[in-house]
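Each chain is listed here by its residues.
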Amino acid sequence: MTLAVLNISYQTLADALALGGIYALMAVGIGLVFGVLRLVNFAYGQLVMAGAFALALASEWNWPVWAGILLCFAVVLALSVLMDRLVFRPLRTQSPAVMLVATFAVAFLLQSIALLWFGSLGKIAASLAPLNRPWQISGVDIRKISIVAVLVAAACLVLLQLLLERTSVGLQMRAASMDFRTARMLGVRANRVIGGAVLLSGLLAAVVAVMLTVQNPLVTPDFALRDTIVVLAGVVLGGLNRPVAATLGGFAIGFASGLLGGALPTAQSQYLPTFLFAAVILVLLVRPNGLFTRDRGSVERV
Amino acid sequence: MTVLVLEGLSVRYGAVEAVRDLSLEVKPGEIVGLIGPNGAGKSSTLHAIMGAAPVAGGNVSLGGSSLVGRRSEDVARSGIALVPEGRRIFGELSVEENLRLGLAARRSRTGADAAIERAYELFPIVRDFRGRAAGALSGGQQQQLAIARALVAEPDVLLLDEPSLGLAPKIVDVVFDALTAIRDAGLAVLLVEQRAQRTVALADRSHVLANGELRLTLGPGDADDTEKLVGAYFS
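Line by line, the protein sequences are chains Y and R.
Residue numbers for the first sequence, in this note's numbering: 1 to 302.
Residue numbers for the second sequence, in this note's numbering: 1 to 235.
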C-alpha cells in the first residue's frame with residue numbers, strides 16, 4: 001500500500017517517523033551537554049556504540065532481554081560519567097577548540113578499543129529482533145519497532161520536558177545553559193548541573209542504542225557513527241544553541257533521511273548522506289542561525 | 001557577628017592590577033558605599049568576594065572564615081548574595097522562575113515559600129509580573145527582580161553592583177528605599193555605585209575607590225560637599 005501522491009509506503013513513513021524520533025533523542029542528548037558545557041560531544045555516537053555492544057554481549061551470553069537492556073544502560077551511564085570526570089571537567093576551563101579536539105580524541109579512542117576488543121566483523125545483538133515483526137493496522141503491515149520507537153521517543157521527550165520545567169534541578173540546568181556564571185553566583189552547583197546533564201545525555205544514548213540495534217542488529221565499532229554525524233548536521237541545521245530548535249533539527253533530518261532512504265532506489269541510497277549534507281549546507285547559507293530559530297542573534301562558533 | 005571583612009585585598013587580571021590593598025568591613029545593619037569613577041575596581045572587588053575574580057593578595061572573610069579560593073556557588077551558599085551589574089536576569093525564564101533560582105543558595109531547607117512572599121511584599125511589581133517572561137520587564141522592574149532574587153536566599157550580606165545604572169530617578173528612589181528596609185532588617189549591605197551623592201547620603205559610610213586604591217572615606221554629612229566629592233574622584 002502506498003501513499004499514491006509521493007509513492008511512499010506506510011512502512012517508509014513509519015520508519016521515517018521512528019528515525020526522526022531516534023535522531024531527536026540523540027539531538028537532545030548532544031544538546032543537553034552542549035547547553036551546560038558549551039561542548040559538542042563528538043564521542044556521543046561511541047556511547048551508543050558501547051551500549052549496542054553491551055546488548056550484543058548479553059545476547060551472546062543468552063541473557064534475558066531485560067538483563068541485556070540493564071547492562072546496556074549500566075555501560076553507557078558508566079562511560080558517560082567517566083568521560084565527564086576524566087575529559088570534560090578537567091578541560092572545562094580550556095578553549096572550545098581544545099575541548100572539541102578532546103572529544104574527537106575520545107571518539108577515536110573508544111572506536112579503536114572496540115575494534116581491538118570485538119574486531120571489525122562485529123557482533124549480533126539479536127535479543128529484540130521480534131520487534132521487527134509487523135503489526136497489522138487496518139490491513140497495513142507496519143514493523144512493531146517503528147511504532148515502539150516513535151512512542152518511546154515521544155515519552156522520553158515528554159519526561160525530559162517535565163524534568164526541565166517542573167523540578168528545581170531542571171530549572172538550574174536551564175539557567176546554567178543560559179548564563180552559567182550568574183547561575184553559580186546564585187548558588188547553583190556547577191558539578192551537580194553538569195553531572196545531571198551528562199547523566200540524562202547518557203540515558204538517552206542508552207535508549208537510542210536499544211532501539212537502533214533492533215533494526216541494525218549487527219554491531220560494529222562504527223555503529224551509530226554515521227547517525228551521529230547526520231544528527232550533528234541536523235542539530236546545526238535546527239539551531240545549535242536553542243534546545244527546541246536543535247531537537248526539531250534532529251527530528252527533521254531523521255525524518256528526511258528515513259523518507260529518502262525509503263523513496264530512493266536502492267542503488268542510489270548510498271548517496272543519501274551526500275544529499276542530506278548538501279541540503280544542510282544550502283540551508284545554512286541562507287539561514288546561518290538555523291531553520292527553527294526566531295532571532296537573528298550572533299552565530300555561535302562550534 | 002557575620003561581618004564581611006576585606007583585608008589588603010588585591011585583584012589582578014594577568015598583568016593588570018584592578019584593586020590594590022583594599023581594606024574595609026561591612027557589619028550587619030549597615031550600608032557601606034563603594035563609589036568611584038569607571039574602571040576604579042569597584043566591580044572587581046565584588047567579583048573577588050564572590051570568587052569570580054582572581055585574588056592576588058590579601059583576604060576576604062565572612063564571620064571569621066576566609067572566602068578566598070572558594071567556588072562562586074559555595075560563597076553564595078555561605079550567605080552572600082550578589083545583585084550583578086546589568087541585573088543579569090534570565091530573560092527567557094519567567095519572573096517566578098528567576099526568583100526560584102535564587103533559592104539555590106538558601107541555607108535552610110524550610111521557609112522557601114515564606115521568603116518568596118517577603119520578596120513579593122518588598123517589591124509588589126515582581127508579584128504582579130510573576131508569570132511573564134523576565135525579559136519583558138523594564139529596566140527598573142528587572143532591577144527589583146534582581147534584588148528580590150538575591151533576597152530569597154536569606155543572605156547575611158547583600159552586594160549590589162551599580163543598581164541605579166540606567167534607571168529613572170523615581171525608580172532609583174524605590175530601589176534605595178528598599179535598601180534602607182533591607183538594612184533595617186539586619187543585613188550587611190555593600191553598595192557599589194557611580195552616583196556618588198545619593199550613595200553618600202544613603203550609606204552609613206562610603207569609601208571612594210580610584211585606580212584600584214581606597215582614597216577617602218565619607219560620611220552622610222559629606223553628601224552635599226561637592227568639592228570633597230570631586231576632589232576624591234580626581235585625586
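Just so you know, these hints were derived from the structure itself, not from any lab.
For clarity, every value in this text was computed on a predicted model and none was experimentally measured.
The reader is advised that the hints may include incorrect statements.
[Stated by the list, open to error] Distance windows between CB atoms, simulated:
#1 Gly-14(R) with Leu-282(Y): 51 to 59 Å
#2 Gly-39(R) with Leu-163(Y): 16 to 24 Å
#3 Lys-27(R) with Asn-191(Y): 29 to 37 Å
[Stated by the list, open to error] If you want the footprint, here are the derived chain R segments under chain Y, 3+ residues with CB under 8 Å:
#4 84-90
#5 94-104
For glycine and all other residues, C-beta sits at the position ideal for the given N, C-alpha and C.
Tested hints:
no. : hint                                  : in the structure
1   : Gly-14(R) with Leu-282(Y): 51 to 59 Å : violated, 44 Å
2   : Gly-39(R) with Leu-163(Y): 16 to 24 Å : violated, 44 Å
3   : Lys-27(R) with Asn-191(Y): 29 to 37 Å : holds, 33 Å
4   : 84-90                                 : holds (count 3)
5   : 94-104                                : holds (count 6)
Hint violations for this structure: numbers 1, 2, all remaining hints satisfied.
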